[in-house]
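Asker: Each chain, letter by letter, is given below.
2 protein chains.
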Amino acid sequence: MKYALLIAYDGTAYGGWQIQHNAVTVQEKLTCSLEQVLGFKVNVTASGRTDSGVHAAAQVCCFEADCTVPPERMADALNVYLPDDIRVLQSAEAPKGFDAVTSAKKKTYCYRVYFSKRSNPLKDRYAVNIKFDIDIDKLNFIAKKFEGEHDFKAYCASGSQVKTTVRKIYSVEVKTRDFRGSRDVEIYVTGNGFLYNMVRTLAGTMLDFAAGRLGEQDIINSLEKGDRNSVGKTMPPQGLTLESVDYGIKLF
Amino acid sequence: MKYALLIAYDGTAYGGWQIQHNAVTVQEKLTCSLEQVLGFKVNVTASGRTDSGVHAAAQVCCFEADCTVPPERMADALNVYLPDDIRVLQSAEAPKGFDAVTSAKKKTYCYRVYFSKRSNPLKDRYAVNIKFDIDIDKLNFIAKKFEGEHDFKAYCASGSQVKTTVRKIYSVEVKTRDFRGSRDVEIYVTGNGFLYNMVRTLAGTMLDFAAGRLGEQDIINSLEKGDRNSVGKTMPPQGLTLESVDYGIKLF
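Those protein sequence lines, which keep their order, are chains A and B.
Position 69 of the first sequence, counting from 1, maps to 69 under our numbering, and the rest follow consecutively.
Position 123 of the second sequence, counting from 1, maps to 123 under our numbering, and the rest follow consecutively.
Just so you know, not all the hints are guaranteed correct.
A pair holds if it fits inside one copy or across any two, identical chains being indistinguishable in the list.
Unchecked claim - With a cut-off of at most 25 Å between alpha-carbon atoms, the simulated BS3-like pairs for lysine-lysine come out as follows:
hint : residue 1 : residue 2
1    : 153       : 96
2    : 233       : 131
3    : 250       : 131
4    : 96        : 131
5    : 117       : 2
6    : 29        : 117
7    : 117       : 250
8    : 105       : 233
9    : 153       : 106
10   : 117       : 163
11   : 41        : 250
12   : 106       : 41
13   : 225       : 41
What the hints contain is simulated information worked out from the structure, not anything from laboratory work.
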């Protein structure tokens, strides 16, 4: 049977999703917990990798196993063995032919920042402190320029190997609120896929534009000519959360 | 000169505000950092103690020191030495006769919970997972019963020594939102002072009432007769945050 899992994790302590030699990862913790439940090792895949320190509110994973655990009970069985900062929220039988990576239609990431002269320990775990001022109207204006199909070559970390750097962005939404003495800004980006570091570089570019450090022509150059010098800095991982993965069907 | 500080801390790693033998505390970290800045030891007091694991978004502290650091620069000076989970947000010269404890007019605490069958690592740091269902209308209804001046003897942890258990509650507000697949509920309580564990027991009692485990007569008995058997359980510390302290004047 193929099982699908909806999982959430606080990425602070992990070297990202994918198993690697030099860091403890979410995939490793999940694989070990699955082995405890099943009694044998299986390969578990996720909708996509998240980088070191990046969080997930709703990552989707799947694995195939010849076992008798009812699909809806797999979540609680795994949670017995998982550390507190990784939880299976839902489990179900995956539809025929389901693949966590290739079946994904849309993903939504959120990048969170807050604006204040000094950092705030109650915000720092899931957002990044920005000390410079920005123009929220400019942030909203530039958000719309990224919507549509573009070549995001300039927003991709160098060294990554992908067939194409063209991605379709369905929406870029900015939400703001004043909370605990400073302004919180959330940038929600929904697309059909994302390049390595793309959302973090997109957030950095949008913030630099809203701070007046980049002009509209820079953004146009970055999208039309793939000009790396026209983009802002790649923002730190703790501000980024994978919010949802849409498969066009109800999984859980 | 007397200095006033506005500080925020993530209480997860601390045994509360007050210095003690068996745990690392916020007051200890602040006292050590002050000694680094000043070159000598001073006594720093806060508006009130927070318990082990409780957070503060805006705790107010003060201390007296014969030194040349300009009041508005004390915040950055202290932040050099403080750990990341404690930050001075603002610093200023305290008004004549100011006392962080006795000058406080109102304090606001917030207790946060979220309702879902399984816990969520992205919510667990500052809120408590509740697995049973409640009636939000009943929660709003009972909130109002606590407003006004009452003897909160039944809501005070046994063994605490205070002159009077009468406190005035200015408001109890319930805020809800659906976020990341579960309902978040915040209970804001503003009063002229709070007994040991009072807000956590108040939150537990309100939730038990809204779940149908306590009746209206229980709440009346708890307030009118001080009946300890009529109150709910004391909720865990991580859901509680000291949100603000009001001195009736602008300090920062």
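Asker: Hint numbers the structure violates, sorted upward?
Answerer: 1, 4, 8, 10, 11, 12, 13
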